[in-house]
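Participant: Line by line, the protein sequences give chains B and X. Be aware that the first sequence starts at 2, since it is given in the numbering used here, and climbs by one per residue. Be aware that the second sequence starts at 2, since it is given in the numbering used here, and climbs by one per residue.
Read the hints as simulated data drawn from the structure, not as lab findings. Worth double-checking, as some hints may not be accurate.
Claimed, not checked - In silico DSS-like cross-links for lysine-lysine, where the CA-CA straight-line distance does not exceed 27 Å: (1) X:K68 - X:K124; (2) X:K198 - X:K137; (3) X:K183 - X:K148; (4) B:K281 - B:K271; (5) B:K72 - X:K183; (6) B:K72 - X:K148; (7) X:K137 - B:K26; (8) X:K248 - B:K236; (9) B:K35 - X:K62; (10) X:K137 - X:K163; (11) X:K194 - X:K183; (12) B:K251 - B:K236; (13) B:K57 - X:K183; (14) X:K189 - X:K132.
Since the structure is predicted, the reported quantities are computational estimates derived from the model, not experimental observations.
Listed here are the chains, written in short residue letters.
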Amino acid sequence: MLCLICIFRFVGYSATEADINQLFKRADSLFQVKQYQLAGIGYDQIAYLSGENIIKTKALIKKADCYLMRKEFAKAEVVLSRVYYADLSDSLVYLSRYKTALASYLNSNFGEAESQVIQAKSLIGDTNLVYNIYPLYVLILNESKKYAEAKVALSAYANYFIDDTMQLMKVQEEIDLIYHSSKIPFLKNPEKAKKLSMILPGVGQLYAGYFWEGALNVTLQLAGLGFTGLCIWQKYYFTGAFVGFSIFQKFYGGGINRAQFLVEKRNHIKTRTFNDNVKKYLLDNKVLNGG
Amino acid sequence: MGINRTILLLLILVSISLSVNLNAQTPDSLLIASDFKKLDLAFIDFLINNQEHEDALLILKERVIDKSYQNSQLDSIYFYTAWAFYNLKSLDSSIIYFEKIKIGSPFYIKSKFYEHFEHMYLKQYAQADVKLAQFKVDDSTLVELKKFQQATSALMQRDFLKFETIGNSFTYNNFSSAEEQKALYKRKEEILKNKRKSPLLAGLMSAVIPGTGKFYAGYRGQAISAMVPTFIFAAAAAESYYRAGPKSAQFITAASLFGIFYVGNIWGSVLSVKTFYELRNNEIHNNVMLDLHIPLRRIFSN
Numbered sequence: 002m003l004c005l006i007c008i009f010r011f012v013g014y015s016a017t018e019a020d021i022n023q024l025f026k027r028a029d030s031l032f033q034v035k036q037y038q039l040a041g042i043g044y045d046q047i048a049y050l051s052g053e054n055i056i057k058t059k060a061l062i063k064k065a066d067c068y069l070m071r072k073e074f075a076k077a078e079v080v081l082s083r084v085y086y087a088d089l090s091d092s093l094v095y096l097s098r099y100k101t102a103l104a105s106y107l108n109s110n111f112g113e114a115e116s117q118v119i120q121a122k123s124l125i126g127d128t129n130l131v132y133n134i135y136p137l138y139v140l141i142l143n144e145s146k147k148y149a150e151a152k153v154a155l156s157a158y159a160n161y162f163i164d165d166t167m168q169l170m171k172v173q174e175e176i177d178l179i180y181h182s183s184k185i186p187f188l189k190n191p192e193k194a195k196k197l198s199m200i201l202p203g204v205g206q207l208y209a210g211y212f213w214e215g216a217l218n219v220t221l222q223l224a225g226l227g228f229t230g231l232c233i234w235q236k237y238y239f240t241g242a243f244v245g246f247s248i249f250q251k252f253y254g255g256g257i258n259r260a261q262f263l264v265e266k267r268n269h270i271k272t273r274t275f276n277d278n279v280k281k282y283l284l285d286n287k288v289l290n291g292g
Numbered sequence: 002m003g004i005n006r007t008i009l010l011l012l013i014l015v016s017i018s019l020s021v022n023l024n025a026q027t028p029d030s031l032l033i034a035s036d037f038k039k040l041d042l043a044f045i046d047f048l049i050n051n052q053e054h055e056d057a058l059l060i061l062k063e064r065v066i067d068k069s070y071q072n073s074q075l076d077s078i079y080f081y082t083a084w085a086f087y088n089l090k091s092l093d094s095s096i097i098y099f100e101k102i103k104i105g106s107p108f109y110i111k112s113k114f115y116e117h118f119e120h121m122y123l124k125q126y127a128q129a130d131v132k133l134a135q136f137k138v139d140d141s142t143l144v145e146l147k148k149f150q151q152a153t154s155a156l157m158q159r160d161f162l163k164f165e166t167i168g169n170s171f172t173y174n175n176f177s178s179a180e181e182q183k184a185l186y187k188r189k190e191e192i193l194k195n196k197r198k199s200p201l202l203a204g205l206m207s208a209v210i211p212g213t214g215k216f217y218a219g220y221r222g223q224a225i226s227a228m229v230p231t232f233i234f235a236a237a238a239a240e241s242y243y244r245a246g247p248k249s250a251q252f253i254t255a256a257s258l259f260g261i262f263y264v265g266n267i268w269g270s271v272l273s274v275k276t277f278y279e280l281r282n283n284e285i286h287n288n289v290m291l292d293l294h295i296p297l298r299r300i301f302s303n
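From just these sequences and the hints, can you work out the full model?
Facilitator: So, in structure tokens, the structure goes:
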């Protein structure tokens, strides 16, 4: 019968502090054995039973952790949207805002993630906690392509947490190197690529950095025009005008769209490479992440 | 003997503590949750209100087959199960549990209206009609809602006579459904405009002038894109025939391409009659279902 002592033991009763502690213990143990859905129900039960906002918030944060572990980031965001921020301590506000920003970041909802960090910065009085959120802030800003702001944030974080002057100088040098203007992804304009391919076929692909694709596209367009010319020379006027020109027109139109796509692809690869490098640096740097 | 009893007692204690630990650590911990008889429906309600439908279903899963609950508790369990499935858009499963709720339950009326709605959403109009006919309501708001659901079902089955008969009894003085009742007549016009066209005629039209069959079917933009390549290859074939004769490679190539486009266009036109009709029908169905849903939300506040 002892095994019947479960997360639903206290249903229908007003929960005492001891009850809540036991419920937390139970839900935590389920979390540890990766029973995330059951653990989540347990935490929600605490949020339901407890009359205290602090307890509710703690439970909701842990429930969000369950969703994060299940890689259901959107659901984690929804759970954390239930947090009521009045009368919460700085540490709880920090934890909740941080988790919300993390869930939004993982859900590629970068605008909301940034908004959470900004709110944390303005509402939390404890500077130590505010700076703890900066590594995530840097990643969010990078994803939003706000590289200058990201560099400032990373420098401020290093400045705040590194006491040793030599170490700080070394880290600042590394940050300067990472965010050096030559390293920051130079994003090309997809519209410009389209226009270039419109005026001079193949140049849009060249602009995107895909020389051979541009050359192939020009060749195919020239083949279409050549076929048109050949047909007209052989007095196949209709065939030349319609079939030959259609071939040319298809490759011309396709080339324009392809140039736009290639610029977008290039921008994505460059951004991804840069952002992943920064992420790796943040994770690997023992001075920055406290060993 | 005393030592043996002590060992036995220790073994029992060890096995009890092991069973506690194992139950906490094995995947069967799900059973722990479901085994507990005390059921707090307010907590289920709390989960559902917070969009945690899967969690609610996990708790309710074992309880829906447990007959030891009182009827009123079972009705609540069925309702919350049906409601969670409804929110997860598993309408078939939702209907199964809505059906189980008995007359006299506080959830009965709401569940019946939603059950009818789900049948209609799934285009199971016959089942909706039977259930609506057996369903008795007295309240004037609910009477109007019932008539609205019946008229919608008749309309979706294209039974215009029945639709008119029921529609004539609409009072339009009930805030909850008056606007949607009026809108139903607009939907009727849309249905009447969406006439089933002849695939044979579409095919013939495309045989005479390529692309016109698609225009007739309703795909006006596609008509040009179907017409152009067919004409291009027709012109090329005619030119090759005139210049090089019927046995020339140019003619055979161009004529073959023309043939492929020409026949493909006719076949495409025949099929497009059905696809366009169904596409438009689905649009109308979705709009009608949206209209049908609004009064439900107004009346039952969810």
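Participant: Please go over all the hints and tell whether each is borne out by the structure.
Facilitator: To see whether the hints hold, each was checked on the structure:
Restraint check for K68 (chain X) and K124 (chain X): not satisfied, since their Cα atoms lie roughly 33 Å apart, outside the 27 Å limit. Distance restraint check for K198 (chain X) and K137 (chain X): the Cα-Cα separation of roughly 40 Å exceeds the 27 Å cut-off, and the hinted pair is therefore not satisfied. Distance hint between K183 (chain X) and K148 (chain X) is fulfilled; the C-alpha atoms sit about 13 Å from each other, no more than 27 Å. A threshold of 27 Å between alpha carbons decides the hint, and for K281 (chain B) with K271 (chain B) the separation of about 15 Å falls inside it, so the pair holds.
Simply put, K72 (chain B) and K183 (chain X) have alpha-carbon atoms about 46 Å apart, too far for the 27 Å limit, and the pair is violated. A distance of roughly 46 Å separates the Cα atoms of K72 (chain B) and K148 (chain X); the hinted pair therefore is violated under the 27 Å criterion. Proposed proximity of K137 (chain X) and K26 (chain B) is contradicted: the alpha carbons are some 50 Å apart, above 27 Å. Of the pairs offered as hints, the one joining K248 (chain X) and K236 (chain B) holds, with about 18 Å between alpha carbons and a cut-off of 27 Å not exceeded.
Under the criterion of a C-alpha separation no larger than 27 Å, the hint pairing K35 (chain B) with K62 (chain X) is consistent with the structure, at around 21 Å. In summary, the hint linking K137 (chain X) to K163 (chain X) is supported, as the alpha carbons are separated by about 19 Å, within the 27 Å threshold. Between K194 (chain X) and K183 (chain X) the alpha-carbon distance is near 18 Å, which keeps this suggested pair within the 27 Å criterion. Distance check on the hinted pair: K251 (chain B) and K236 (chain B) sit about 23 Å apart at the alpha-carbon level, within 27 Å; holds.
Pair hint K57 (chain B) plus K183 (chain X) does not hold up; C-alpha atoms about 47 Å apart against a cutoff of 27 Å. Between K189 (chain X) and K132 (chain X), the direct Cα distance comes to roughly 23 Å. Compliance with the 27 Å bound is thereby established for this hinted pair.
Consistency with the previously given hints fails for numbers 1, 2, 5, 6, 7, 13, ordered from lowest to highest.
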